[in-house]
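Asker: What follows is each chain in one-letter form.
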Amino acid sequence: MSSNNTAPAPTGRRWVWFHRFGSPAWIYGFSTRWAPVCGWIAVVLFAAGLYLGLVVAPPDYQMGDSYRIIYIHVPSAWLSMSSYAAMAVAAGVGLVWHLKVADLVARSIAPLGAMFTFCALFTGSLWGKPTWGTYWVWDARLTSELVLLFLFIGYMALSAAIEDRRTAARASAILALVGVINLPIIHFSVEWWNTLHQGSTVTQLGRPTMDTRMLVPLLVMFLAFNFYFAGAVFNRLRGELLHHERRTRWVQELAHG
Amino acid sequence: MTPRRRQRLILVGLLLLGVGGAVALALTALNQNINLFYSPTQVVAGEVPKGATFRLGGMVVDGSVRRNPGDLEVWFDLTDTAEVVTVRYDGILPDLFREGQGIVTTGNLVDGRFVAQQVLAKHDETYMPPEVHEALRQANADAYRDQAGKSSGQ
Numbered sequence: 002m003s004s005n006n007t008a009p010a011p012t013g014r015r016w017v018w019f020h021r022f023g024s025p026a027w028i029y030g031f032s033t034r035w036a037p038v039c040g041w042i043a044v045v046l047f048a049a050g051l052y053l054g055l056v057v058a059p060p061d062y063q064m065g066d067s068y069r070i071i072y073i074h075v076p077s078a079w080l081s082m083s084s085y086a087a088m089a090v091a092a093g094v095g096l097v098w099h100l101k102v103a104d105l106v107a108r109s110i111a112p113l114g115a116m117f118t119f120c121a122l123f124t125g126s127l128w129g130k131p132t133w134g135t136y137w138v139w140d141a142r143l144t145s146e147l148v149l150l151f152l153f154i155g156y157m158a159l160s161a162a163i164e165d166r167r168t169a170a171r172a173s174a175i176l177a178l179v180g181v182i183n184l185p186i187i188h189f190s191v192e193w194w195n196t197l198h199q200g201s202t203v204t205q206l207g208r209p210t211m212d213t214r215m216l217v218p219l220l221v222m223f224l225a226f227n228f229y230f231a232g233a234v235f236n237r238l239r240g241e242l243l244h245h246e247r248r249t250r251w252v253q254e255l256a257h258g
Numbered sequence: 019m020t021p022r023r024r025q026r027l028i029l030v031g032l033l034l035l036g037v038g039g040a041v042a043l044a045l046t047a048l049n050q051n052i053n054l055f056y057s058p059t060q061v062v063a064g065e066v067p068k069g070a071t072f073r074l075g076g077m078v079v080d081g082s083v084r085r086n087p088g089d090l091e092v093w094f095d096l097t098d099t100a101e102v103v104t105v106r107y108d109g110i111l112p113d114l115f116r117e118g119q120g121i122v123t124t125g126n127l128v129d130g131r132f133v134a135q136q137v138l139a140k141h142d143e144t145y146m147p148p149e150v151h152e153a154l155r156q157a158n159a160d161a162y163r164d165q166a167g168k169s170s171g172q
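Order-wise, the sequence lines are chains A and B. For what it's worth, our numbering labels the leading residue of the first sequence as 2, then goes sequentially. For what it's worth, our numbering labels the leading residue of the second sequence as 19, then goes sequentially.
FYI, nobody ran anything at the bench for these hints, they're computed from the structure. Backbone N, C-alpha and C define an ideal beta-carbon position, used for all residues, glycine too. Be careful, since some hints might not be right.
What the hints assert, rightly or not - Distance windows between CB atoms, simulated: (1) A/N195 x B/V83: 49 to 57 Å; (2) B/L33 x A/H188: 50 to 58 Å; (3) A/L159 x B/K68: 18 to 26 Å; (4) B/A63 x A/W137: 53 to 61 Å; (5) B/G31 x A/F151: 23 to 31 Å; (6) B/F55 x A/T210: 17 to 25 Å; (7) A/P59 x B/R84: 30 to 38 Å; (8) A/M157 x B/R23: 24 to 32 Å; (9) A/G240 x B/F55: 45 to 53 Å; (10) A/D165 x B/K68: 56 to 64 Å; (11) A/E254 x B/T46: 56 to 64 Å.
To be verified - Pairs of lysine-lysine, DSBU-like flavour, derived with a Cα cap of 35 Å: (12) B/K68 x A/K130; (13) B/K140 x B/K68; (14) B/K140 x A/K130.
Could you put together the complete structure from these sequences and hints?
Answerer: Written out as structure tokens, the structure reads:
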């Protein structure tokens, strides 16, 4: 913990706790402690959510059992958007404060966000064939979610294409920030335009359009996805930290026990 | 916050504002040109370009679905409550296709009838178990009967 040489010097006592987050060694220890905790909570919640969703929840009056794909589809879609927001915030903090840890957090999130986006598109397409009658339609919701997948892939490609870490972080952070404009478009696409995709079920306050026995498993699965995401980000971040700090003393000490 | 950092933060804010404004303008411009589907009224009024493939949207009229025995051909009427267009389709209909359901279909007009190449059903945001749906239907029917009884008693 004493080998903190990249975080800026604290400007006042009030900010001392905050500056720990800029220390790679401290963040490495923090991630190592919390990754397995998040992982195990996710495993328990996944088991509970899948049991409630696939066994306990009743079938739908119109779609029968095929609606159960929402227990993967909807949490994936929510996480695809919130992980993009998290990535953009981390990249923005890295851009403004030149904080190495923030850049690495953004890099750790990108492949996970791309995975969630792909899951949302893929499961939605599987559900669309029996329900709508097509795997794909170029409506506003589906198209903007596909753009989100391209943004994640573009971010990963750009940050991998540039050799110098600082230049790579700066260029990809600008891409991430520009892409933020897509988030409200995805969210409101079903209200702004005529789409084949239905409107939101869960965010309609005061007018629940889903039976409670169906809604509870969905919320449990959403929590499970969040804990999985946190645990996976911690693990990926550990890898990024070890790679980018491999010449520093704390990593050398870690490697030689 | 140092002046350099403040400057970078302001630049990031301006970047977001600029991109947001540009995208908002582009989408507003596009919005006026996007026509997801034509309604039966527009088709009857002749607003649809002749010979072109277009999307037609509406509700399937109750009791209008007629099937050809032996193959997949199906005929049904589509309405927007004002006008009606007859649709012919030869293919597998989506699970949610039923009378009273909102659908979007792609095809073209042949002799005043719509020959569909694709039929898509629109799903709403409601999810409920079959018994709840049955109870709701029952309650609606009861309410309707009560109202009918009241008005005939007056």
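Asker: None of the hints should be skipped; say for each whether it holds.
Answerer: These are the hints, each one checked on the structure:
1. A/N195 x B/V83: 49 to 57 Å: The hinted range 49 to 57 Å is violated for A/N195 and B/V83, with Cβ atoms some 24 Å apart.
2. B/L33 x A/H188: 50 to 58 Å: Violated, at about 21 Å.
3. A/L159 x B/K68: 18 to 26 Å: Violated, at about 48 Å.
4. B/A63 x A/W137: 53 to 61 Å: violated (32 Å)
5. B/G31 x A/F151: 23 to 31 Å: Because 25 Å falls inside the window, the suggested range holds.
6. B/F55 x A/T210: 17 to 25 Å: Hint holds: Cβ distance 24 Å, inside 17 to 25 Å.
7. A/P59 x B/R84: 30 to 38 Å: holds (34 Å)
8. A/M157 x B/R23: 24 to 32 Å: Once the Cβ atoms are compared, 27 Å apart, the range 24 to 32 Å for B/R23 and A/M157 holds.
9. A/G240 x B/F55: 45 to 53 Å: holds (49 Å)
10. A/D165 x B/K68: 56 to 64 Å: holds (60 Å)
11. A/E254 x B/T46: 56 to 64 Å: holds (58 Å)
12. B/K68 x A/K130: holds (30 Å)
13. B/K140 x B/K68: holds (27 Å)
14. B/K140 x A/K130: holds (12 Å)
Of the numbered hints listed earlier, those contradicted by the structure are 1, 2, 3, 4.
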